[in-house]
Amino acid sequence: MSHDEIFKKVQGVLVDALGVDDDEVTPTARLTTDLHAESIDFLDIVFRIEKAFGFKIGQGELFPDNINDPKYVTDGVVNAAGLALLKEKMPHVDFTAFSADPKLEKVSEVFTVDSLVKFVANKLKAGAPA
Amino acid sequence: MRWLWIDAILLHEPNARLVAIKNVSLAEDHLHQHFPEGDDGPSQPMMPASLMLEGMAQTAGILVGSVRQFKEKVILAKVTEAIFESDVFPGQSIRYDAKIDRIDDMGASTIGTISRFDHRGGGWIDIGRTEIIFSHVDQNRAGLDLPEHNFVFGENFRAILGGLLPKK
Amino acid sequence: MHFRLVDQILECGPDRAVTLKNVTLAEEYLQDHFPGFHVLPGVFMLEALVQSARLVLEARDRAKGDGAPRRMVLGGVRALRYGNFVRPGEGLRSEVIVDKETDDGSVVFRGSATVLRHSQIATAASAGSAISSSDTAVSGRFTMRLVRTLQF
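Protein chains in written order, with my numbering: chain R, 3 to 132; chain D, 746 to 913; chain U, 21 to 172.
Isolated chain R, as found in the complex:
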């Protein structure tokens, strides 16, 4: 599947799940800040991507599990160990902007449409089972 085909399908998923218009779903659009996604929407998006592409997504694979653990978070700020863990678990996400101000409450803002497309591309390349 080409990058464009993946993008079109991901766009469709987000239009259905979030009730936004096609033209709002740009590659750099952030799910929370720009498309107004809330926590329940993340579950909806996982379900819809599973359906659209025919593979299973494990818990914490697309969107992170709760990392609110003193090992990784101090006073609401994600520390170096936490950041390393996030980067390792989420190779589809660009953490550059987040690293500058790594507040735990802002972690959901890292997800862009493009990070979803990257996730799907990685899964399909790895030949993920349905």
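Treat the hints as calculated values from the structure; they're not laboratory data.
Misleading hints may appear alongside valid ones.
Pairwise CB distance ranges (calculated) [unchecked claim]: (1) U:83 <-> R:3: 22 to 32 Å; (2) D:746 <-> R:99: 24 to 34 Å; (3) D:847 <-> U:166: 29 to 39 Å; (4) R:83 <-> D:747: 48 to 58 Å; (5) D:871 <-> R:76: 48 to 58 Å; (6) R:79 <-> D:784: 56 to 66 Å; (7) U:29 <-> D:828: 42 to 52 Å; (8) D:786 <-> R:124: 49 to 59 Å; (9) R:124 <-> D:772: 22 to 32 Å.
All C-beta atoms, glycine included, are put in the ideal place defined by N, C-alpha and C.
Fit chains D and U to the given chain R structure using the hints.
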């Protein structure tokens, strides 16, 4: 007003599908305010769509709850889409046909069809559809002060749930 | 139960309305929703948005001077997300804004409602003071359409 928006279960395919009906009757007080005589027209009792949404949510919620023997607190979290094409009037019956689309530890997504029956003819006619997501609350809301017991599936459901409930 | 989900109109115009609903244990259905954990049902939050939208539609019809107001009902819902619970002693502050009108005369609204808690009501000069978004009870889009009856 009791908060039970389905009357009886017609079909249950465990972990897959639940079909329930609700009768609409002039005996229901709230229909007389929806709508009363006013500037916008004469008195016209009709089923509020928000309560049809609740009927489907209860049908789908019971279906989802039964998957884990009603141990999870299943809460309405999102209506991704609901369409009400046509309206329902006293004397008619509503049928809620809910199916589980996906379910995991965090919650479940369901799809449903709403249909209407009128004894004067026509059989069951589809009048709407829903996509509803439920949250398994205990898994999702650590820190919220919720009672221990499963308050979602209470006593008044038992009368219509019958054999679906695990033995006490 | 009286099927009225708007107790006060805080603001109302042809494009937008803000309303208040008080939640009280006097509302008997709360005993069933749920036993031992009384919360305003999510669909009643939706109905509060719907009844608020009807006020906007009346204002709209009045502004157009078209004659008798049309009776409009809920025709559809899109991406409606539920957040905080609303309990007895708390209030629901609903805001609805017209998004667009469609060719068949239906009107699409954006709606959201926040929880008003007692300390905020007691200290605010009016219930219209700013509420933080972390107190959102519901938000989404919905469509109001004309009543459709079946012909026999």
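Hints, verified against the model:
1. For residue 83 of chain U and residue 3 of chain R, the Cβ-Cβ distance of about 51 Å falls outside the hinted range of 22 to 32 Å, so the restraint is violated.
2. The hint said 24 to 34 Å for the Cβ distance between residue 746 of chain D and residue 99 of chain R, and at roughly 50 Å that hint is violated.
3. Taken as a hint, the range 29 to 39 Å holds for the pair residue 847 of chain D and residue 166 of chain U, whose Cβ atoms sit roughly 35 Å apart.
4. At roughly 53 Å, the beta-carbon separation of residue 83 of chain R and residue 747 of chain D lies within the given 48 to 58 Å, and the hint holds.
5. Remark: the range hint 48 to 58 Å for residue 871 of chain D to residue 76 of chain R is upheld by a beta-carbon distance near 56 Å.
6. At about 58 Å, the CB distance of residue 79 of chain R to residue 784 of chain D agrees with the hint of 56 to 66 Å.
7. The given range of 42 to 52 Å is broken by residue 29 of chain U and residue 828 of chain D, whose C-beta atoms sit roughly 29 Å from each other.
8. About 58 Å separates the C-beta atoms of residue 786 of chain D and residue 124 of chain R, a value consistent with the hinted range of 49 to 59 Å.
9. Between residue 124 of chain R and residue 772 of chain D the beta carbon distance is about 59 Å. The supplied range of 22 to 32 Å is therefore violated.
When held up to the earlier numbered hints, the structure conflicts with 1, 2, 7 and 9 and fits the remainder.
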